[in-house]
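One point on numbering: in this note's numbering, the residue at position 71 of the sequence shown is 71, and numbering is uninterrupted.
Misleading hints may appear alongside valid ones.
Unchecked claim - If you anchor each label on the Cβ, the simulated ranges turn out as follows:
{"hint": "1", "residue 1": "20", "residue 2": "115", "range": "18 to 24 Å"}
{"hint": "2", "residue 1": "136", "residue 2": "94", "range": "39 to 45 Å"}
{"hint": "3", "residue 1": "93", "residue 2": "129", "range": "30 to 36 Å"}
{"hint": "4", "residue 1": "24", "residue 2": "136", "range": "33 to 39 Å"}
{"hint": "5", "residue 1": "34", "residue 2": "110", "range": "17 to 23 Å"}
{"hint": "6", "residue 1": "110", "residue 2": "62", "range": "20 to 26 Å"}
{"hint": "7", "residue 1": "92", "residue 2": "20", "range": "26 to 32 Å"}
{"hint": "8", "residue 1": "62", "residue 2": "133", "range": "33 to 39 Å"}
What the hints assert, rightly or not - Pairs of lysine-lysine, BS3-like flavour, derived with a Cα cap of 27 Å:
{"hint": "9", "residue 1": "136", "residue 2": "121"}
{"hint": "10", "residue 1": "121", "residue 2": "34"}
{"hint": "11", "residue 1": "85", "residue 2": "34"}
{"hint": "12", "residue 1": "23", "residue 2": "94"}
{"hint": "13", "residue 1": "34", "residue 2": "23"}
{"hint": "14", "residue 1": "121", "residue 2": "85"}
{"hint": "15", "residue 1": "136", "residue 2": "23"}
{"hint": "16", "residue 1": "94", "residue 2": "26"}
No lab work stands behind these hints: they were computed from the structure. Just so we're clear, the structure is a prediction, and the values are computed from it rather than from any experiment. All C-beta atoms, glycine included, are put in the ideal place defined by N, C-alpha and C.
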Amino acid sequence: MPVSDQPADHIPIKMTIIITTEKLIKEIQEEFNKLFPFLRIEFFIKSNYKSREAVIKASGMHTVANIYNSLKLPTIEISPCTIVKDFENDFENKFGMYVQLYRKSGNLWQEITITDTWTMKQQDRTGNEISNIINKGFRTNPPEFIKSTLIKKAV
Numbered sequence: 001m002p003v004s005d006q007p008a009d010h011i012p013i014k015m016t017i018i019i020t021t022e023k024l025i026k027e028i029q030e031e032f033n034k035l036f037p038f039l040r041i042e043f044f045i046k047s048n049y050k051s052r053e054a055v056i057k058a059s060g061m062h063t064v065a066n067i068y069n070s071l072k073l074p075t076i077e078i079s080p081c082t083i084v085k086d087f088e089n090d091f092e093n094k095f096g097m098y099v100q101l102y103r104k105s106g107n108l109w110q111e112i113t114i115t116d117t118w119t120m121k122q123q124d125r126t127g128n129e130i131s132n133i134i135n136k137g138f139r140t141n142p143p144e145f146i147k148s149t150l151i152k153k154a155v
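Put together the whole structure using the sequences plus the hints.
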């Protein structure tokens, strides 16, 4: 996905993610990513493997029913003002689903931990800004280790 110079002010005031038991995890991820293009949501499944709690990443091809054991599905509302930590806790408390948000940083996705008290809008905007700085900086002035690698390959 190309990095946009557009600030992350495109975010609507509020969005509701409709979750059904048949919905694929990747569909929820795509809806989330349309709203926050510089954030990524990953789902994890808690299991009890050999009497030890383990958490494994859910595949995008899992359905909600594969990781949620209830007939009643609450909805999740997201707004630009939603705090990352609160969003992750809502998923756990309402669905028993473990989610982790990641912020784009150039070509990498970094787990949001230290700044999980920031809003979604702050996270998305920061991901946009960092990605722009990294991508523009590398094109116009790559770090020395990249320059030296390119020179060695050319020789």
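### Task
List, from low to high, the hint numbers that the structure doesn't satisfy.
Of the numbered hints, 1, 7 and 15 do not hold.
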